[in-house]
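With the sequences and hints as input, model every part of the structure.
My numbering numbers the first residue of the sequence shown as 1 and each following residue consecutively.
Honestly, I wouldn't trust all of these hints.
As the list claims (entries may be wrong) - Pairs of lysine-lysine, DSBU-like flavour, derived with a Cα cap of 30 Å:
(1) K262 with K146
(2) K181 with K217
(3) K262 with K292
(4) K185 with K148
(5) K262 with K130
(6) K148 with K99
(7) K99 with K48
(8) K240 with K217
(9) K146 with K99
Note that these hints are calculated values from the structure, not bench results.
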Amino acid sequence: MKKLMLAASLLALSAAPVLADETIGLITKTETNPFFVKMREGAQAKAKELGVTLITAAGKYDGDNDGQVAAIENLIAAGAKGFAIVPSDSKAIVPTIQKARDAGLKVIVLDTPLDPMNAADATFATDNRKAGMLIGEWAKGTLGDKAKDARIVFLDLATNQPTVDFLRDQGFMQGFGIDVKDPNKIGDEDDPRICTHEISQGDQEKGRTAMENALQKCPDVNVVYTINEPAAAGAWEALKAVGKDDGSVLLVSIDGGCPGVKNVQAGTLGATSQQYPLKMAAMALEAIHTGKIPEIDPAVGFLDTGAQLITAKPVDGVPSISVEEGLKLCWG
Numbered sequence: 001m002k003k004l005m006l007a008a009s010l011l012a013l014s015a016a017p018v019l020a021d022e023t024i025g026l027i028t029k030t031e032t033n034p035f036f037v038k039m040r041e042g043a044q045a046k047a048k049e050l051g052v053t054l055i056t057a058a059g060k061y062d063g064d065n066d067g068q069v070a071a072i073e074n075l076i077a078a079g080a081k082g083f084a085i086v087p088s089d090s091k092a093i094v095p096t097i098q099k100a101r102d103a104g105l106k107v108i109v110l111d112t113p114l115d116p117m118n119a120a121d122a123t124f125a126t127d128n129r130k131a132g133m134l135i136g137e138w139a140k141g142t143l144g145d146k147a148k149d150a151r152i153v154f155l156d157l158a159t160n161q162p163t164v165d166f167l168r169d170q171g172f173m174q175g176f177g178i179d180v181k182d183p184n185k186i187g188d189e190d191d192p193r194i195c196t197h198e199i200s201q202g203d204q205e206k207g208r209t210a211m212e213n214a215l216q217k218c219p220d221v222n223v224v225y226t227i228n229e230p231a232a233a234g235a236w237e238a239l240k241a242v243g244k245d246d247g248s249v250l251l252v253s254i255d256g257g258c259p260g261v262k263n264v265q266a267g268t269l270g271a272t273s274q275q276y277p278l279k280m281a282a283m284a285l286e287a288i289h290t291g292k293i294p295e296i297d298p299a300v301g302f303l304d305t306g307a308q309l310i311t312a313k314p315v316d317g318v319p320s321i322s323v324e325e326g327l328k329l330c331w332g
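Written as structure tokens, this is what we have:
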């Protein structure tokens, strides 16, 4: 029988008859975030190349752990060989992942490490702390002497602080020269330059609302860190609405998607750290299909799929690539 590809949303995901000799799943946080759209494209292309059935699923929103639990349960019932997952809750999903592994499924985590990381068979991810450090170093270098008096707003991901959230946030602080206290926790810092932390859920509209709230607390903001580029786009809308689109606020983010790189080109985003989600997903499907996981440095604990700073205004001592290079690479 000719092997088919199956792409199903969470609502459509069910224990339907398997359409090929081998089924592999991909579970992302949402269906709509461009980062996960690109990840899904990478998985679909690799599944076609390998001749396996791909079942995709996602939560209804970023943070929907229950939706991801249901997706895993359905993959177990469908007899999947394994799945790749971007967990919405790094801790709460662990028991269900263990259930899947106990049932013989290979589990590879993408982008957002579990807590503990070794709860999966492997993790393929951006070095999110490094990605945060790059934009922090760039912001500090761009401000120069003014960095010591900065007023910084953080648009973080979620109240439950998944690993990707605190790794990027704390990485930015380290790059900027802020004492992070506990490097795996957001909010225990006492640096007076931190004006506020707001929750964006990595979403453009919620990012705008979060920035509007931040402006009430911090009208003299001059640096904004955002968890991702959709949140950054929302933050820019809020800043523009109050006339702060005049270059007085440095806006930095992480993702490196094509729309985000174009915002760097346009000058609305000062710098971003580029990730490679298509590569993550393709490598995960290959590893699940073959049963061979690439060698991983035990000191790191995960396979680093790379991160590069993209800016039109390089800072000495901070490695970066040009906007033109970023546009060629965006989300490969």
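Holds or violated: K185 to K148, with C-alpha atoms at most 30 Å apart: holds (23 Å)
Holds or violated: K240 with K217, Cα cutoff 30 Å? holds (17 Å)
Given hint K130 paired with K262 - CA-CA distance at most 30 Å: holds (22 Å)
For the pair we were handed, K181 and K217, check the Cα-Cα distance against 30 Å. The given pair, whose Cα atoms are some 23 Å apart, holds under the 30 Å limit.
Quick one, are K262 and K146 close enough, alpha carbons at most 30 Å? Given that 30 Å is the threshold and the Cα spacing comes to 27 Å, the pair holds.
Can the restraint linking K99 and K48 be considered satisfied, given a maximum Cα separation of 30 Å? holds (28 Å)
Can you confirm whether the C-alpha distance between K146 and K99 stays at or below 30 Å? violated (52 Å)
Take a quick look at whether K262 and K292 sit within 30 Å of each other, Cα to Cα. Judged against 30 Å, a Cα distance of about 37 Å means the pair is violated.
Holds or violated: K148 and K99, Cα atoms, limit 30 Å. Status violated; Cα separation ~49 Å.
Checked against the numbered hints above, the structure violates hints 3, 6 and 9; every other hint is satisfied.
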